[in-house]
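J.: Keeping their order, the protein sequence lines are chains A and P.
Counted the way the numbering used here counts, the first sequence spans residues 356 to 607.
Counted the way the numbering used here counts, the second sequence spans residues 36 to 474.
A couple of the hints might just be wrong.
Using 20 Å as the maximum straight-line C-alpha spacing, the simulated DMTMM-like pairs for lysine to aspartate or glutamate come out as follows [unchecked claim]:
#1 P:430 - A:444
#2 P:430 - A:471
#3 P:228 - P:448
#4 A:506 - P:448
#5 P:430 - A:426
#6 P:466 - P:388
#7 A:405 - P:414
#8 A:567 - A:584
#9 A:602 - A:584
It is worth saying that the hints were derived from the structure and are not from the lab.
Residues per chain, in single letters:
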Amino acid sequence: MLEIKNLSVSVDNKQILNGLNLSVKAGEVHAIMGPNGSGKSTLAHILAGKPGYEIIGGEIIYQGKNLLAMEPELRACEGIFLAFQYPVEISGVNNLYFLKEAYNAIRRHRAEKALDAMDFLKLAKEKMKLVELNESFFNRNVNEGFSGGEKKRNEIFQMAILDPTLAILDETDSGLDIDALKTVASGVNHLRNEKKAIILVTHYQRLLDYIKPDFVHVLAQGKIIKSGDATLALRLEEEGYSWALEKENARA
Amino acid sequence: MGILSSIKKREETFKERLSLLEKKEPSWFLEQRRDAFKQFSKTGLPTRKDEEWKYLNLSPLSAADFGEGKTTQKVTLPDWPSLADTIIITIVNGKWDAKLSHNLKELPKEVVISNLSDAMGSRIDLKKNINHPVADSNSLLFLNTAFFDCGLFLSIPDKTAVKKAIVLWHIVTHQENSLVLPRSLITLGKSSKLDLVEFFMGQTEASYLTNNVTEIVLGESSQLNHLRIQDENKNSHHFSLTHVSQSYQSRYTSASFSSGAHISRQQCHVMMDAEKTQCNLSGLFIAGHNQQMDHHVRIDHLKPEGTSSTLFKGIVDGEAKGIFNGKVIVHPNAWHTDAWQKSNNLLLSPEAEIDPKPQLEIFAHDVKCSHGATVGALDPMALFYLNSRGISLQKAQELLTYGFAHEFQVPFDWMKNNFECFLTQKLTGLKFGGAYEEV
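Let's have the full structure, built from the sequences with the hints guiding it.
T.: What follows is the structure, encoded as structure tokens:
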């Protein structure tokens, strides 16, 4: 589904990613872990098409297409979804209205009929149960005045509605209490199936207790220095990132 | 030749008008007309040398040949569903047309609607309610006073709450280069209440010039909710003066929306000349392409314990120019005044220009006043957030602009949905820095 080949990226002439390779197949859940400043969020942003990054080498192939040539809205229409680490507050724009616009934009792209307000409301009511939000969220402005936990749940709610093929969760676990973490994780697990893939970007092993990854990768110094199964995350939790870094540096 | 460009034509037209009005209007008003004519002849249209007009370029108007108009078109009533249950007074090319009005019978029978010329003939008390001087520049008021035809007088008696809103539906059907001079005097008696809409719309694509004057006199404890919508065609020009005089404990709430006309200037002057008056002014303007849009607001706090608020939001795109000038003056005896003023502006294109100028002059002790202005662009992070959900760049820009505009609300619940549709439609016409087609 997704092939990242030798990707190098810089921001303001500072190189962040340095020859990164990653392959993700349908049905898989990949966790990307790594120390602060290793380029995890950059990778998530690049996949969603955030402007401001300079691609200095490599390519990303998503479902056989050159992802880097696509505008962010086209990527979303083709099934990519980024759950933001810091969801943006948008005053004056109604949460449900915004989501209906997004949902219908994606449906139109797939040459499907747009839903009217009534049918969309029905869909939203059904999906909101997944993340235990109440209906008052519909009429609030997008993320405005939401608590940290509410913002993250709103991201998962949006993901449930938009039903992506490839979901990227950028530190969705940070700032969540245990109950919110469980809710978010069960929302994600609910969307998991053999046709979809999920990339979890996280600092901590904790989230992986609730969402079992098929693969764990360590991202450091702008590339993936170690890959393994779920046990790698446990090892990292015990030994810290310095363990993985030392091994990599010894190899080099 | 037209009235604006030819002195000879102006004098001839004025003499002709006056001879027709001599039997109709009282001598005190004919005198005011003569005086206004003299004053206008002396000054002409304002120029950029005038401090209050320095950002607006009127030179295209002086060159054009505005004069009396000829009409060819039929008139249509508004297609806003929410207006079906209102009382509509249709004013065609500046003149009230009783035949084209709607639901007039539903007004309480003490309410007076008449031709202003006739009303002045029978009521000497109107002398104190008409032709209030405006502080800044009076030349457009002079032009209107000298030449307006008939005018409209609307009077709500004491203790009358008019249940249905009254809509002054101003439309222009005249052809090229006509000068349209609507004039209204609206008085509210003690403890009366009115919802008023002034709607300005062109039904032709012609380049005409509207120069409207609306004077409003609020009696003790009366309440007026006033909405103005300026949606003239993009070839036309629109000037407007709204003058409000407030009495004890009266409340004036005004919302002004504009998106029309090529060159426009709307001025609102509120005299809070009694204790415990309240005045809330809000505005939203959307200027695109090569429009020039000027809003001038002036509030005079003359007596104690008045409260006023002013919130104007400007959206400027293309090579358009927006101007906001708000002046609040707290006079020496107006202690315990509470006044704030805010101008927030959104620039959507690198060629767009906005000149906000909030001003506050305080000559009294023990008052609470604030003012401020902001100018900004759309937040790139918010745009990316919307794009990342599949929403196109154009639609994302429209949504964020809508979010910015949303703080502006019409003062009537029954019109909210209808206005939101109208606003959404106006935002769809913006290019967000992209090229406008020549109109």
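J.: Now tell me, hint by hint, if it's right for this structure.
T.: Each hint tested on the structure:
A hinted pair counts as satisfied when its Cα atoms are at most 20 Å apart, and residue 430 of chain P with residue 444 of chain A qualifies at roughly 17 Å. In summary, the hint linking residue 430 of chain P to residue 471 of chain A is supported, as the alpha carbons are separated by about 18 Å, within the 20 Å threshold. A distance of roughly 16 Å separates the Cα atoms of residue 228 of chain P and residue 448 of chain P; the hinted pair therefore holds under the 20 Å criterion. The hinted pair formed by residue 506 of chain A and residue 448 of chain P fails the criterion: a straight-line CA distance of about 31 Å is larger than 20 Å.
For the hint linking residue 430 of chain P to residue 426 of chain A, the alpha-carbon distance of about 14 Å falls within 20 Å, and the restraint holds. As the CA atoms of residue 466 of chain P and residue 388 of chain P are separated by approximately 15 Å, the hinted pair is consistent with the 20 Å bound. Of the supplied pair hints, the one linking residue 405 of chain A and residue 414 of chain P holds, its CA atoms being roughly 13 Å apart against a limit of 20 Å. In summary, the hint linking residue 567 of chain A to residue 584 of chain A is supported, as the alpha carbons are separated by about 10 Å, within the 20 Å threshold.
Taking the CA atoms of residue 602 of chain A and residue 584 of chain A, the gap is near 18 Å; set against the 20 Å cutoff, the hint holds.
Hint 4 from the earlier list is the only one contradicted by this structure; the remaining hints agree with it.
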